[in-house]
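Build the full structure now, drawing on both the sequences and the hints.
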Amino acid sequence: DAGVIQSPRHEVTEMGQEVTLRCKPISGHNSLFWYRQTMMRGLELLIYFNNNVPIDDSGMPEDRFSAKMPNASFSTLKIQPSEPRDSAVYFCASSLSNSYNEQFFGPGTRLTVL
Amino acid sequence: LAKTTQPISMDSYEGQEVNITCSHNNIATNDYITWYQQFPSQGPRFIIQGYKTKVTNEVASLFIPADRKSSTLSLPRVSLSDTAVYYCLVQSGGSYIPTFGRGTSLIVHP
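Line by line, the protein sequences are chains S and W. Converting from the first sequence to the numbering used here requires adding 709 to each position, the first position being numbered 1. Converting from the second sequence to the numbering used here requires adding 28 to each position, the first position being numbered 1.
Note that these hints are calculated values from the structure, not bench results. Incorrect hints may have been included.
Claimed, not checked - Between beta-carbon pairs, the in silico distance windows are: (1) THR100/W <-> GLU792/S: 25 to 31 Å; (2) SER69/W <-> MET724/S: 23 to 29 Å; (3) PRO770/S <-> GLU86/W: 35 to 41 Å; (4) GLU771/S <-> ILE135/W: 34 to 40 Å; (5) SER102/W <-> ASN761/S: 35 to 41 Å; (6) ILE764/S <-> GLY43/W: 22 to 28 Å; (7) GLU792/S <-> THR33/W: 44 to 50 Å; (8) SER107/W <-> GLY751/S: 22 to 28 Å; (9) GLU771/S <-> GLY43/W: 46 to 52 Å.
Backbone N, C-alpha and C define an ideal beta-carbon position, used for all residues, glycine too.
Following this line, the structure appears as structure tokens:
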């Protein structure tokens, strides 16, 4: 298995632009998580899905952020409009649907908003 | 959810044993303790998980005392490649919200 796949690996954009991050979870995993990592706040959970349904989005910072999971093999995290404070590394992770199961993380997308 | 507290950073030298302790005073009966490791420019990866006493695998050992209010991750004979951030998590039965926080940044010196 190729593991969790994220694209793009790096994204540089200007303030006000729309940014879309993509994730392909490990086949057979039915839980998917989006995280944001910064030096100041560490690794924060933004949202997680179970069986393609958003279960908890309380970590999503504001309405500019949205996430979708149209099927079991694909998810997107969109920021519109982007702001410099959104600059961070965004990780996607997947796991089997059990709260004790380990999460498998993707390589992350490093987002820079100028 | 049980809150965890761990040191922000630690330093060690090659060949030494490193012990990172995590406090989780309000851990619940159904909670498990899990540790992740994150290398620079990579996502975290699972190291070890335990409920009580001692768990050992090829990477580390996890010591959990009887009251389970703390746990210690032990890395035997560290090398430079063990330089990473180590996260302690308490995973609750029925809850799908793991909290990673800032972890412990371990730097191994030559």
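Results of checking the hints against the structure:
no. : hint                              : in the structure
1   : THR100/W <-> GLU792/S: 25 to 31 Å : violated (41 Å)
2   : SER69/W <-> MET724/S: 23 to 29 Å  : holds (25 Å)
3   : PRO770/S <-> GLU86/W: 35 to 41 Å  : holds (39 Å)
4   : GLU771/S <-> ILE135/W: 34 to 40 Å : holds (35 Å)
5   : SER102/W <-> ASN761/S: 35 to 41 Å : holds (39 Å)
6   : ILE764/S <-> GLY43/W: 22 to 28 Å  : violated (45 Å)
7   : GLU792/S <-> THR33/W: 44 to 50 Å  : violated (32 Å)
8   : SER107/W <-> GLY751/S: 22 to 28 Å : holds (25 Å)
9   : GLU771/S <-> GLY43/W: 46 to 52 Å  : holds (48 Å)
In summary, the structure is inconsistent with hints 1, 6, 7 from the numbered list given earlier, while agreeing with the others.
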